[in-house]
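A.B. asks: Chain order of the listed sequences is A and B.
For the record, in the first sequence the residue sitting at position 214 is 213 according to numbering that gives the first Met the number 0, with numbers rising by one throughout.
For the record, in the second sequence the residue sitting at position 172 is 171 according to numbering that gives the first Met the number 0, with numbers rising by one throughout.
No false leads were mixed into what you were given.
The calculated EDC-like cross-link candidates involving lysine to aspartate or glutamate, where the alpha carbons are at most 16 Å apart (straight line), are:
#, chain 1, residue 1, chain 2, residue 2
1, A, Lys87, B, Asp282
2, A, Lys211, A, Asp200
3, A, Lys87, B, Asp323
4, A, Lys87, B, Glu322
Label-pair distances were calculated between CB atoms; the ranges are:
#, chain 1, residue 1, chain 2, residue 2, range
5, B, Lys447, A, Thr53, 55 to 61 Å
6, A, Gly178, B, Ala279, 24 to 30 Å
7, A, Gln221, B, Ser407, 47 to 53 Å
8, A, Asp51, B, Glu145, 47 to 53 Å
9, B, Leu354, A, Gln221, 46 to 52 Å
10, A, Met225, B, Glu250, 32 to 38 Å
Just so you know, these hints were derived from the structure itself, not from any lab.
Note that the structure is predicted; figures quoted are calculated from it, not measured.
Idealized CB from N, CA, C, for every residue including glycine.
One letter stands for each residue in the lines below.
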Amino acid sequence: MIRHLISAADLSRDDALLILDTAGELAQMADRPIRKLPTLRGRTVVNLFYEDSTRTRISFEAAAKRLSADVINFSAKGSSVAKGESLKDTALTLEAMGADAVVIRHQASGAPHRLTGWVRGSVVNAGDGTHEHPTQALLDAFTMRRRLGRLDGLRVAIVGDVLHSRVARSNVLLLHTLGADVTLVAPPTLLPVAVSAWPCDVSYDLSTVLPKTDVVMMLRVQAERMNAAYFPTVREYSRRYGLDAARMALLPDHAIVMHPGPMNRGVEIAAEVADSGRSTIVEQVANGVSVRMAVLYLLLGGADPGGADPGMGEALAGRAGAGEAGPGQFRAGWLSGKASEAAR
Amino acid sequence: MTGRELAGSGLAGRGTWLISGVRLAGGELADLILAGGRITETGTGLTAAGARVLDGAGLIALPGLVDLHTHLREPGREDAETVLTGTRAAAMGGYTAVHAMANTTPVADTAGVVEQIWRLGRQAGLCDVRPVGAVTSGLEGRQLAELGAMADSAAQVRIFSDDGRCVSDAMLMRRALEYVKAFGGVIAQHAQEPRLTDGAQLNEGEMSGLLGLTGWPAVAEEAIIARDCLLAAHVGAALHVCHVSTAGSVEIIRWAKSKGWRVTAEVTPHHLMLTDDLAANYDPVYKVNPPLRTAADVAALRAGLADGTIDCVATDHAPHPVEDKEAEWQVAAFGMTGLETALRVVHATMVETGLLDWTGVADRMSARPAAIGQLDGSSPTPSPALHGRPLEAGSPANLVLYDPAAHSVVDPAQHASRSRNTPFAGMELPGQVIATFLRGEPTVLDGKLAR
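For reference, chain A alone in the conformation it holds in the complex (with noise of 0.2 Å):
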C-alpha cells in the first residue's frame, strides 16, 4: 500500500479495489451497536485545512474517530496562504506534536504533495485547489458500485466545470483504473485546452451524451466564473448543461445522478432530479465515512494483516506501543474476508 493519498493516480487498480473491498465491510459495521474500532487508538490523525470544507472534515473526523484515532483539527481557514505561518512551518509543528497523518484541505494545488517534504506522517490530500480530491472520486466509485454492481464498463458523463474541478480530475483518473468509461461534458471554456490527453471522451453537448449513460455526475459551478466569461450568464449555463426532469427522462432506467456537493439546486440540478429516487447525493456522504476510514485504516495499519507493512506502518506500529493491540492484530479479528473481490 501507499504512504500517502494525494493523486487518485497514485492508486493501482489493487490498491483502489482494496479501499473500497475495505470501505465495504467498514460499511457493515456502521449497523452495529458499536460503531467504533480500536484499530488506530494511540495515533494522531491531523486535520488540516486551510479551506472551509465541513462535510468533509467532518466526515475524516468520524471516519478518524471511529477507528479510535485521536483526532486534532487545525482549521487555517482565513489565513490568507500568502501570509502568516508558512505551510512548512505548520508542517514542523504538526512533525512535534507527532501527526500520524495529515488530511490537508488547501486551496493551491500541490501544498499536499509539499507537505509530504516535510512531514514524516501520512499525506492525505482532501483537495487542493483545482488539482485532486481523491477520496471524493473513491466514495464515488464506491457508490457507483454499490448501485450498478460494477464499474468496468460502466459508462460515467461527469458534467460542468472540468477545468476547475479537482473532482473530474481525481474520478477521470480512479475511473479510468478501475475500467469505466468516463465522458466529459462542458462547455469548451470550462475543459482544460490539453484534454485530449486525457483518458477519456469529451462532449458539448449534454443531451447526447444522457441515453448512453449510466452515471451522470453533476459539478458544482461557481457563480465567480461567470464573471471570468467562461458563459454569458448563469441561466443560460443551466439551460445547456443544468441537470432537469427532462433530460433525466433521457437517463436509461436504471442510470443513477450523482453530485459531489454542495448543490446548487437549480443551476446544474434541479431540485426534483437532486430529489428523485436516481439520486445518490445523500448515500455519498454516507460512504464518504466508509471509505475515508479505509484509507486512513490502510495508510496507517498496513495492508498485511500478518503484520505491519515494512514501510511506514512499522515505524507507526512501533510507535503505538506494545501494550495496544497493533493493527495487523486487530485486522485478523474483524477483518474476515481477505480477498478482494474484484470489480466485475
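Keeping the supplied structure of chain A fixed, place chain B upon it in accordance with the hints.
C.D. replies: Same frame as chain A, but now just chain B:
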C-alpha cells in the same frame, strides 16, 4: 600563485599577463598578452618579461560574456542579492558586463536610482553593471518614466524595460518605442498579455491541466510580440524581446526580421534546457516567468538561437531567498538564478548538440548582446566601456577562459550568488570557467574569485 599560473616575478606590474596556448573562439591556438587593460598582442611563441603567465592549454578563450537580463535586487531586496554578490556570480559565470533590471525597490525609473546602481557596480569592480531603466514610472504602465534623464545620466542607460511586467498598453508601447529613438535607446519588452495570464502558473498544456495549475498560454506571449514587431516597424524603432519561450514567438521574430525590422531577441539558458513536466512535483524551483514550456518549444528555441533568429542568450538571473521558494507553488516567487551556469548550459544544449560552435557561442553570449546594449563601439553614441569585441590586439582585455573538458554536478552551495534557487542543482553539466578578466585584471582565477 594559482594552479595554472606558471611564473611571474611581478616586476612588470600586476597588470601584465601572458596567457599561453589557449584556443581562441575561432579555433586556432594562440598566446595572448594583456597589458594596460587591453589585449596588446596575440600570436604564438609570445614572451613578455615579468608578466604573470597563465597556462591556457586545453582552455577556450571567449570574449567576456555580456548579460542583457540580470536581476541584482539592490536596492530593496538585499536578502536575495546585492550588486556585489550578483557581480561575483557574474564573474564566476564568465561575464564582464551585466544589465541590471529595473524592478528594484525603489524602481530604477529615475536618473538618481540608475546612477546609484551603476556606482555600486563600479565599487564592486567585478563586472560592468549597466542599469536598465524602467519604461514607465514605478513599472505601473501608466506614464513614461524620464527616459531621457536616465540616458543622459552617468549610467548612460540605453535599454529600457518594465521587465516582470508587460507594457501592455499599445499606445504607451508605441510612444516608448518612438521616444527613445532620440537617444538611440531600445525598449526591451516582457511579452505577457496580462488578461490572458491572470493568475497563470504554468505553461498551458497537458501538465497544467493535470496539475490543476492555472494555464499560461503561449499565445499570451506571441500576441504581444506580434503587436510590438508591428509597432516597431511602424515607427522605425528598435525592439528587443526578452526571454522568448515559445516556438510561435520564434516564428514571429523570424518573420519580423525577414522584413528588415529592427527586432532583436534573447532566450534564457533554462528555456534552452528545461520543460514544464519538471513541475510535476510542484517544486517551485521550476516556477519562472515566462514559464517552462514543452520539448517542442525547447527545440524551436535552440534552432532559433542557432540560425540567429534569436540574437543572444540572456540569463534572467532572478535570485530569491529560500523562504520565497519553500512554499506552495502558487505562493512561491517566480524566477531562477542563472549567471553561474549559463555558459555551461549553452555548452550542453548548443555546443554538445552541434548546433553552435564556440565562435557562435562568442557571438550569442558576447558580441550580439554587447551590440544590443550598445557596448561594442558600433553605435554613434560613445560607449562607456567596450565589450563584445573580438580577441585581438587593441581590444579591451575582457575575456573568459573556459575548460570544455571539465564536468561537474551543480552544487548551489558553491555559488557566489546570495541565493540558491538554481533549477540545475544536482545536474551534471559540462565545462568550467577557469578565469575571467575584466580590462586585464582577473576577477576569477583558477575557478575561484580572484578578489
